[in-house]
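Between the sequences and the hints, there should be enough to build the whole structure, so can you do that?
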Amino acid sequence: MKRSKNKYKDHPVTAEKIVLLIFVALWTAVCSAQPPRLPQGLDSGGPAKAARKKPEQGSSGGPALPSGLGGEGEGTASQPALPSGLVKEPASEMQDRQKPEPQPFSLPLDLAGFWELRGGLRLQDDPAQDDVSLAETRLQLTYDKYTPELISRGRFRFTGDMIYDAMAENHDVDLEEGEGFFDLREFWAAFTPVDFLDVKVGRQILTWGTGNLVFLNDLFPKDYQSFFLGRQLDYLKAPSDAIKFAFYSGNVGLDLVYTPRFDADRFVNGTRLSFFDTASGDLRGEDAPLETEQPDTWFEDHEVALRVHGSLEAYEWGLYGYTGFWKSPAGTDPQTGKRIFPELSAYGASFRGPVGAGIGNAEFSWYDSREDRDGDDPFVENSQLRFLTGYEQEIAEDLTLGVQYYLEFMLAHHAYEKNLPAGFPAREKARQWLTLDLNQELLAQNQLRLSLFIFYSTATKDAYLRPLAAYDATDRWKVEVGANLFMGDRDTFFGQFEENSNVYAAARYGF
Amino acid sequence: MRRNPAKIIIIAWIGLFTAAAGVIPAAAQEGGKTPSVEAIVEHANRVAYYQGQDGRADVDMRIIDSQGRERSRRFTILRRDNRPGEESDSKNPAEYTGDQRFYVYFKSPPDVSRTVFMVWKHVAPDREDDRWLYLPDLDLVKRIAASDERTSFVGSHFFYEDVSGRNTNEDDHELVDVTDTYFVLDNTPNEPERVEFSHFKMWIHRVTYLPIQIEYYDERGQAYRRYTALNVARPQGLLTVTESKMEDLRTGGHTTITYSQVEYDVGMPKDIFTERYLRKPPMQHIKK
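Taken in order, these protein sequences are the chains called A and B.
For the first sequence, position 434 (counting from the first letter as 1) is numbered 434 according to the working numbering, and the numbering increases by one without interruption.
For the second sequence, position 2 (counting from the first letter as 1) is numbered 2 according to the working numbering, and the numbering increases by one without interruption.
Because the hints were derived from the structure by calculation, they are not lab data.
Treat each hint with caution, since some may be false.
[Stated by the list, open to error] Covered stretches of chain A, going by a simulated chain B footprint (3 or more residues, C-beta under 8 Å):
hint, stretch
1, 356-367
2, 444-456
[Stated by the list, open to error] Simulated pairs of lysine-lysine, DSS-like, Cα-Cα distance not exceeding 25 Å:
hint, chain 1, residue 1, chain 2, residue 2
3, B, Lys107, A, Lys200
4, B, Lys287, B, Lys270
5, A, Lys200, B, Lys270
6, B, Lys33, A, Lys145
7, B, Lys280, A, Lys200
8, A, Lys145, B, Lys280
Positions of the beta carbon are idealized from the N, C-alpha and C atoms, including for glycine.
Take a look at the structure:
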């Protein structure tokens, strides 16, 4: 047998051994110097060991990692547990966590709503009205359906109130006036036929403009009866039967609202609230409610409202136009003595944005009373200029303060005065209001809200106060107590309602 | 049999490589390569608030008061970063920590259902966020004047600032400890008169840079408020806190937030965060 004369026969074995030895030595050294990799609670001792360790300081201080990050929720006093999920978790676990939470009870079929009980009392004796200002119960049902499969971004909504109003004379339904046992609040369909156009058609609530309870370019119908009687603030806005086109291009939008038949305000006509009638020189109440002649021909007595709006950074601007009628009675038919709604056009502009630590706004509107541009018709309201400026800021924790200055300037006042029939008190040329809005949220979950809104008319020194306390007892039960307080001389704008000052309370259950 | 020298060399390299693999992480762990505190803060901010370029989630908020009574808030939140090019920020998308926009559509409780809250978050130090509230029953777009971000968000124990993120330049940050799991930071406000805490500590997970716990201390050094990340997931591979808790240590009340149906990079257009979509909510992102 030939002996191998390989020099490496012995050396290779030695070299390998050396390399392996070095490797093993290094590895051992490294492993012994490394602190335990497993986070708190995941060492081989299992839950028992982790539990023992729990209140003590671990070798590595800090909270236990959350599930998902390698820990199982056990922490030490000084170290948070890692959340689960911070290690590689099996796909099934990840999917579980993505499942939506079980929903709490809600009605099926996209239904929602509330049931409410509301009562109010007059604070003063009003000979023309009952002592009880409000005694009603209301059930509101809403059906809301998103239907993208029918039409692009389609949505349909129905909101109706079933009302039992103990103070109403009769319960006949008048959908236009909102009277009777059923009030249809919303009944519309919306869709987006092309990318840049949103359309909404049907009975809907519409609002624009920057005023807070003061309206210049918002000529959509208001319900002043509900507002003064103490119903929920939502009811200040009466629904419009209209079609709205909203075009959008970049930062700018154009809204066009066509109302085929004039929608008047639900104004104070004496049936529920008395007012001062300049014609008779006295309070007028439920014994002699206002009689009116309303334009009501479809497509002839129509309204068109327009708004161009946009924003420059955080500053919002708007330009407005309207053609239609005065929304509340603003004239008298000399033959019949009935109150009328003369033709009106309005043009305006607004601006709103951050000012210092708060939000500032300014708005302007010119009311063109088309039937009496010269101002010499005593039976038709004169044209006006309206101006508003406001500012709102949070002044303390959860306490917000808003102030506004509003000016209503009668145009052609001289002609108005000259043509005023004898015995009629002349209205001032400028009506100026200051308003104050205070809102405070209290208690740990902000469930108590105190608010106070004050209108003050500077020239005539009359005022209207709206204090309110609302408490969210649970997620579904809400109670509120408030008042409508009118002060001033009888022939002033707010003072005329002095006998209507009332307090009210309500309980509402939402579902 | 003759040994192949190549084999020796290969074995030697394998051996050295394996040893090195054990050594290098250990060296990093020993603290030799701890990142600067500014880098940690920036990275943690990104992980917590800037995952993906946009996102949506369904949120279930349970508010428990000190007597154990429970309230809930359910809403969908949409978020979009103002991308580079839209702002003057010139960082690349992956490192973006600038302005964002949020859109919150409430689903419950019933009296806030369909109400929308929208925020344009500005990170510039002197610029306040812009906020809007849309009240559907009045069709009213209200502008909210609120300069204090450290007030309760919808009655919960979370503040607005917790939801949208506290600007990292508002505090002085100090790395006070490094454990195997966490970077522990102590943060002191630059303007102490604007906040109710004297300082706060953050435990940031070393591997993922996710803030796991934040504790707030009052003037006496007592912890009075604590945030904890409880559950974490990786939808689309992006680290997301799916369950978190904010405790009021003084009263014992707490709020737990659970996120579900989390999606990122859905391609949300910027104009969703404008008046158009306050009045007409983008149901395609909200209904899931």
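ask   = Can you list which hints this structure breaks, lowest number first?
value = 6
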